[in-house]
Amino acid sequence: MNNILSRNNAEKRFKVYGVLAVSTAIILLGILLFKIFSTGISAFNQSYIGVKIEINNSINSSEIDPRTELRQQLRNMFPELTTRAEKRTLYSLFSSGATYEFEDLLKTNEGKTINDYYYFLASDDVDMYVKGTVKREGDSAGRLMSDQLKILDQFEEQNLVELHINKYLLAGADSREPEMAGIKGAIYGTFYAILIAFITSFPLGVLTAIYLEKLAKKNRISDIIETNINNLAAVPSIVFGLLGLAIFLNFFNLPRSAPLVGGLTLGLMTLPTIVIAARSAIKSVPPSIEEAAIGLGSSKVQTIFNFTLPLAMPGILTGTIIGIAQAIGETAPLLMIGMVAFVVDIPGGPMDPATALPVQIYLWADSPERAFVERTSAAIMVLLIFLFLLNITAVYLRKKLEKKW
Amino acid sequence: MSIEFILLTIIGLSAYSFYISKKKAAAISAINGAEIHSQPYYHGMYAAFLTISPALVLLIVWSFIEDTIITMRLRDYFSDITEPSIANFYIEGVINFVDDVNSKAMDHVNFFTATEYYKSTMHLNLLLKSIVLVMLTIIALRYSFKLISADFKARDLFEDVVIKVMNIASIFAIFITIGIVLSLLFETLRFFESVPVQDFLFGTHWSPQMSIREDQVGSSGSFGAVPVFTGTILISIIAMSVAGPIGLFSAIYLSQYASNRVRSFAKPIIEVLAGIPTVVYGFFAVITVGPFFREMGIFFDIEGFSSESALIAGSVLGIMIIPFIASLTDDALSAVPRSLKEGSLAMGATLSETTTRVIIPASFHGIVGSFLLAFSRAIGETMIVVMAAGFAANLTANPFDAVTTVTVQIVGLLTGDQEFDSAKTLSAFALAFVLFFLTLILNVISLSIVKKYREQYE
Numbered sequence: 001m002n003n004i005l006s007r008n009n010a011e012k013r014f015k016v017y018g019v020l021a022v023s024t025a026i027i028l029l030g031i032l033l034f035k036i037f038s039t040g041i042s043a044f045n046q047s048y049i050g051v052k053i054e055i056n057n058s059i060n061s062s063e064i065d066p067r068t069e070l071r072q073q074l075r076n077m078f079p080e081l082t083t084r085a086e087k088r089t090l091y092s093l094f095s096s097g098a099t100y101e102f103e104d105l106l107k108t109n110e111g112k113t114i115n116d117y118y119y120f121l122a123s124d125d126v127d128m129y130v131k132g133t134v135k136r137e138g139d140s141a142g143r144l145m146s147d148q149l150k151i152l153d154q155f156e157e158q159n160l161v162e163l164h165i166n167k168y169l170l171a172g173a174d175s176r177e178p179e180m181a182g183i184k185g186a187i188y189g190t191f192y193a194i195l196i197a198f199i200t201s202f203p204l205g206v207l208t209a210i211y212l213e214k215l216a217k218k219n220r221i222s223d224i225i226e227t228n229i230n231n232l233a234a235v236p237s238i239v240f241g242l243l244g245l246a247i248f249l250n251f252f253n254l255p256r257s258a259p260l261v262g263g264l265t266l267g268l269m270t271l272p273t274i275v276i277a278a279r280s281a282i283k284s285v286p287p288s289i290e291e292a293a294i295g296l297g298s299s300k301v302q303t304i305f306n307f308t309l310p311l312a313m314p315g316i317l318t319g320t321i322i323g324i325a326q327a328i329g330e331t332a333p334l335l336m337i338g339m340v341a342f343v344v345d346i347p348g349g350p351m352d353p354a355t356a357l358p359v360q361i362y363l364w365a366d367s368p369e370r371a372f373v374e375r376t377s378a379a380i381m382v383l384l385i386f387l388f389l390l391n392i393t394a395v396y397l398r399k400k401l402e403k404k405w
Numbered sequence: 001m002s003i004e005f006i007l008l009t010i011i012g013l014s015a016y017s018f019y020i021s022k023k024k025a026a027a028i029s030a031i032n033g034a035e036i037h038s039q040p041y042y043h044g045m046y047a048a049f050l051t052i053s054p055a056l057v058l059l060i061v062w063s064f065i066e067d068t069i070i071t072m073r074l075r076d077y078f079s080d081i082t083e084p085s086i087a088n089f090y091i092e093g094v095i096n097f098v099d100d101v102n103s104k105a106m107d108h109v110n111f112f113t114a115t116e117y118y119k120s121t122m123h124l125n126l127l128l129k130s131i132v133l134v135m136l137t138i139i140a141l142r143y144s145f146k147l148i149s150a151d152f153k154a155r156d157l158f159e160d161v162v163i164k165v166m167n168i169a170s171i172f173a174i175f176i177t178i179g180i181v182l183s184l185l186f187e188t189l190r191f192f193e194s195v196p197v198q199d200f201l202f203g204t205h206w207s208p209q210m211s212i213r214e215d216q217v218g219s220s221g222s223f224g225a226v227p228v229f230t231g232t233i234l235i236s237i238i239a240m241s242v243a244g245p246i247g248l249f250s251a252i253y254l255s256q257y258a259s260n261r262v263r264s265f266a267k268p269i270i271e272v273l274a275g276i277p278t279v280v281y282g283f284f285a286v287i288t289v290g291p292f293f294r295e296m297g298i299f300f301d302i303e304g305f306s307s308e309s310a311l312i313a314g315s316v317l318g319i320m321i322i323p324f325i326a327s328l329t330d331d332a333l334s335a336v337p338r339s340l341k342e343g344s345l346a347m348g349a350t351l352s353e354t355t356t357r358v359i360i361p362a363s364f365h366g367i368v369g370s371f372l373l374a375f376s377r378a379i380g381e382t383m384i385v386v387m388a389a390g391f392a393a394n395l396t397a398n399p400f401d402a403v404t405t406v407t408v409q410i411v412g413l414l415t416g417d418q419e420f421d422s423a424k425t426l427s428a429f430a431l432a433f434v435l436f437f438l439t440l441i442l443n444v445i446s447l448s449i450v451k452k453y454r455e456q457y458e
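Protein chains in written order, with the working numbering: chain A, 1 to 405; chain B, 1 to 458.
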């Protein structure tokens, strides 16, 4: 009896280990996603400070220097601040982006007079304090000093500090200043790189798969190609980066930091994934269909392109989407070919210097400013949501289009 | 007239060739009824192929030759410079000066005569190239048009071309491997010209920065890669000890115990872990796992707990490879024939006894293969370790110490401004070469184990 009891206990323990393992994995995923999303969500809002703007004669925006004028308006709000240091403290609450916003305000009110409160972008230190990321400790809060806080308190007393939607994050290019930094440039870079990667790897991968599956005679060469592709799929991505560096940059002299080179490198990396997926999709097309086509007099090539390939397409596309999703998240090879540069301009084409979204995440994660932490998380949220949508599409395609024979 | 314009002209001519050849073939078949060998479409496609290919081949050959000749000619203008790399620098300067408005003139007597020469030659070259290419295309077009007749086997010929193209595409994958091996090998050999192989493989001191200083005599001592390798292995072992048990038990639970509902819900969730980009894990390590371990370090009063410790990078790396182990092991366990499992259960063994004494031994090869594959993933993983581990190479087995890995060193050595010929940058290629072969061997072994084992039950 005792023996059975201990055996049953062992059985229970074993099962508990299994449950623990599965739930650990799921909990870890949950912690990761929760941490990223809870940190990142606040980056979609941004602190703005209201300033009373009073311009009584009709505005001629070309005559006004926005920087000095905005400062003048700020001084009018706080006539008690007289020393240079105090004034500078007042200005320091605002981002340099406030000047541009003021310029836009002047342009839209050309020829009019204004006398109202307008909201301008606050600096990242203010932003962190307003959002509660940094707490007040004694006289200071994070990098905000006591004199800055004193002025900020006066703004807050008048309810002039507000959170607005962060328009820079999704629509702006990278910037050294966290409050103005955005991922639009990186998204464009990723778009061009992935486009190039798709153009190179998809046709090559599908043709290779057809050849290996349908045309190649089983001999040494086709064996070598097959093992070779399986091994390529497991080569570390950074090695592909070195290949891109040695071949595309040093041998073909293509421009550094260009999405073209990044795309070609990612394309080479994705190729094995596509070949493997396409092969299994082609394999799953029932031979009876091909035999019927051949029996009706179509040639081998006609059979492949008119019957096999269209039937295998859903599977091939699913595999391709998964491969592309991998390539979108890939960072290391892009570091090797110089797509880590600080690029302020939004790239206009695959030859312009650019960075990609995961590289942007890496760069921001490396930045010392506290305000970049939430923006990094926000950029990750964008990346993860996009990858999630891609994978959902792949699953949907498979469910919807795949035929069960 | 630019190169794009020539290309467009050639493509246009080829499209025209398709159109008229198809029309001619259709006309023939209208007269002869069913006697024409190939459909008009195939006549058109083959003619288009014949029209475009000679010009494309010539274009590629021409571009290679023109580069070589121009460089040779420009070299004469800088014959006073003996050092080839500096002369090449000037030659590039000339080419950039003409092609790129932003680049500046260089300080050399012959610089402007050279740019004038380059400009006029390139102009002439382009003119000549466009005339020759367009003429060639027109001749090919006429020739392909003449070929069309009722018994011309356009379809067979065109299908041969298609098959050739597919054959070349499939060989391309081999070229990628050759490219990897050659590009790594050349730079590695150049590295070993300045640093002896045994110093690299068995030296215990790694600080590549020091060799930049020319007055440094014993620079060979700073390229001992042993600490880098041990660091890599230490982090990978930590990762495996996190991912191994979790992955293995998840696979056992999902394949043996879980109901279909739990399985269809839990398996995709674990798979999501594999789809998360590694840079996200790196960030997670920095903002969550790092601080957590640091606080644990303070709580348990561990001396010398580094903020870049191997434990942080290793455990996050472990989370990343859980799904690899889980799904590969799951495949291996599911491949064991049901009869073995049912036989054992029928003899009165509990499910856990069946799993540990029958199913795991029967799928042992597959499990080992999946662990090896996961290990090779861990060795080659870059972003997590770049963000969570350090650059300092310590020779230690203490998981609380900061260590570095092969991939971290490669990234550190090759990002930012570097001159391409220094031993420092070349050492990155030597490290990558080692990494490539290590992962290749692991992959070959594990793939062959998995394959052999799979056949056993088929």
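Don't read these hints as lab results, they were simulated from the structure. One thing to keep in mind: the hints can contain errors.
Said to hold, decoys possible - Pair by pair, the computed Cβ-Cβ distance ranges are:
| id | chain 1 | residue 1 | chain 2 | residue 2 | range |
| --- | --- | --- | --- | --- | --- |
| 1 | A | 34 | B | 294 | 18 to 26 Å |
| 2 | B | 197 | A | 289 | 51 to 59 Å |
| 3 | A | 215 | B | 437 | 56 to 64 Å |
| 4 | A | 203 | B | 131 | 48 to 56 Å |
| 5 | B | 294 | A | 37 | 33 to 41 Å |
| 6 | B | 361 | A | 401 | 37 to 45 Å |
Just so you know, even glycine gets a beta-carbon here, dropped at the ideal spot from N, CA and C.
Hint check results:
1. A:34 - B:294: 18 to 26 Å: holds, 20 Å
2. B:197 - A:289: 51 to 59 Å: holds, 57 Å
3. A:215 - B:437: 56 to 64 Å: violated, 32 Å
4. A:203 - B:131: 48 to 56 Å: 32 Å Cβ-Cβ, so the 48 to 56 Å window is violated.
5. B:294 - A:37: 33 to 41 Å: violated, 23 Å
6. B:361 - A:401: 37 to 45 Å: With Cβ atoms ~41 Å apart, the hint holds.
Hints 3, 4, 5, counting from the list given before, are not met by this structure.
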